[in-house]
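Undergrad: For reference, the chains in residue letters:
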Amino acid sequence: VQAATQALALEDATELAHAYVHAVADALGVRALSIKGPAADFYGVRSPRIAADADLLIDPSGFASVVDRLRTAGWRERPKMAGTEGWVEHSVTLVRDGWPCDLDLHDRFPGFLRPNADVFETFWIDRVEAEVAGRAIPIPSRDATILITALHSLRSWAKDPRHSEELEQLLSRFQGRLDDAERGRLARLAGETACLSTIDGALIPLGVPPAPDGNDTDPRVIEWRRLVASGATPTHFWLRGLLGAPWVKWPGELRRILWPAEEALRQSYPTIAKGRAAADRERVRRLGRGLRDLPVALRAYVAARRRSGR
Amino acid sequence: VSQKIHHSADLAIIARDDRDVILDLRRLDDPQPRRLEGTALAIWRAIDGVRDRDGIVARVAAAYGVEEAGVGADIDAFLDELERLGLIDSASSSNESSDGRS
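Here the protein sequences come in this chain order: A and B.
Everything in the first sequence is counted per my numbering, starting at 230 for the first residue and increasing by one.
Everything in the second sequence is counted per my numbering, starting at 12 for the first residue and increasing by one.
No wet-lab data here; the hints were simulated from the structure.
Warning: the hint list may mix true and false statements.
[What the hints assert, rightly or not] Restraint-style ranges between C-beta atoms, simulated for each label pair:
| id | chain 1 | residue 1 | chain 2 | residue 2 | range |
| --- | --- | --- | --- | --- | --- |
| 1 | B | G81 | A | E394 | 30 to 38 Å |
| 2 | A | V324 | B | A69 | 20 to 28 Å |
| 3 | A | D347 | B | Q43 | 34 to 42 Å |
| 4 | A | G327 | B | S101 | 27 to 35 Å |
| 5 | B | S101 | A | E360 | 21 to 29 Å |
Model, not experiment: these values are computed from the prediction.
Note that CB positions come from ideal geometry on N, CA and C, so glycine has one too.
Start from the sequences and build out the full structure, keeping to the hints where you can.
TA: Below, the structure written as structure tokens:
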């Protein structure tokens with residue numbers, strides 16, 4: 230008879246990770262909300278599925294201390310491929326040997342344009358407790374979870390086809406089931422957290438109105454629309470990085486984008502077999518994916534610019 | 012006087028049909044989930060904050076249809092291990108009620 234430490238299943242790890250990060254945050258006196266998986270399951274906003282990450286929204290004022298504490302506890306940042314710095318500005322992804330899930334820690338959630346601290350405060354005030362791994366952990370309200378789910382689905386529909394289905398599930402779950410007061414509350418929250426422009430009419434069936442025209446020139450909205458129209462593919466981010474760089478740096482940037490160094494490639498794709506030939510095959514596959522997504526990314530740039538009149 | 016045994020308070024516990032997975036949330040620098048299956052799981056689930064050692068042995072022996080004397084030593088060893096890992100606590104009591112966390 231023994232208490233074994235091996236073979237941690239992903240479905241178990243993700244739930245335990247939520248409880249663990251809350252324990253770390255609590256010990257530091259930092260507020261945290263579990264988002265996506267536990268909240269989505271609690272409110273039934275999507276079909277249950279096993280998450281590969283534990284996503285938490287951390288009070289921005291204590292975010293760095295939580296990440297630092299986790300680093301001292303043996304968690305390390307998932308390596309990023311060179312040339313992709315700045316892709317993910319809203320979260321830190323941490324991994325640890327023996328844990329099959331990632332910790333995805335957010336100091337903001339993309340698509341809410343109100344200052345990060347204000348958004349967190351708004352979500353915190355209306356938090357609800359859900360039971361995860363036998364612990365009562367705080368999650369955002371149902372309305373906040375609807376908005377988070379919608380924004381998550383919109384920004385990454387091409388990266389994962391499930392995300393586009395989630396928006397459909399969200400609408401079918403709540404359409405016609407919210408009374409006027411509930412629809413009003415949801416719309417008010419979207420206004421308070423400034424996501425009307427980024428949700429951009431996707432939740433009209435739930436009473437969230439389209440964005441006021443005046444927001445079309447907000448650079449954050451333009452960038453969001455490019456992201457959404459491109460499906461948040463790597464090509465979108467490479468294009469953004471390239472177009473944002475001075476012309477003199479383009480040759481070097483292009484070389485990194487089109488044919489990255491082997492070390493950088495292996496950081497991003499750790500399962501590539503040993504040897505240069507295997508690395509070259511992955512480079513060619515990656516290039517093919519990038520070229521395939523390029524027309525969509527370019528169209529997204531042009532469309533967002535045209536819509537904003539810039 | 013009996014020693015009622017209960018799960019420690021600061022645990023995260025995943026309870027599945029075939030296993031429990033436990034994480035001690037006090038060990039923030041060494042997050043090592045423990046997976047319990049089979050007889051270990053039966054013993055773990057017999058710990059309800061109300062039973063003492065003899066009650067746990069009786070419960071597990073009955074579940075497996077064996078003599079208590081035949082499993083007592085193994086269960087004692089496992090309870091010792093759980094206590095060493097900080098996953099259970101014992102509380103001396105005569106008749107008072109326990110918090111009964113399970």
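Undergrad: Work down the list of hints and note, for each, if the structure agrees.
TA: Taking the hints in turn, this is what the structure says about them:
1. G81/B to E394/A: 30 to 38 Å: Since the Cβ atoms of G81/B and E394/A sit about 54 Å apart, the hinted range of 30 to 38 Å is violated.
2. V324/A to A69/B: 20 to 28 Å: Since the Cβ atoms of V324/A and A69/B sit about 45 Å apart, the hinted range of 20 to 28 Å is violated.
3. D347/A to Q43/B: 34 to 42 Å: 38 Å, holds
4. G327/A to S101/B: 27 to 35 Å: For S101/B against G327/A, whose Cβ atoms are near 30 Å apart, the range 27 to 35 Å holds.
5. S101/B to E360/A: 21 to 29 Å: 26 Å, holds
Comparing the model with each numbered hint stated earlier shows that hints 1 and 2 do not hold.
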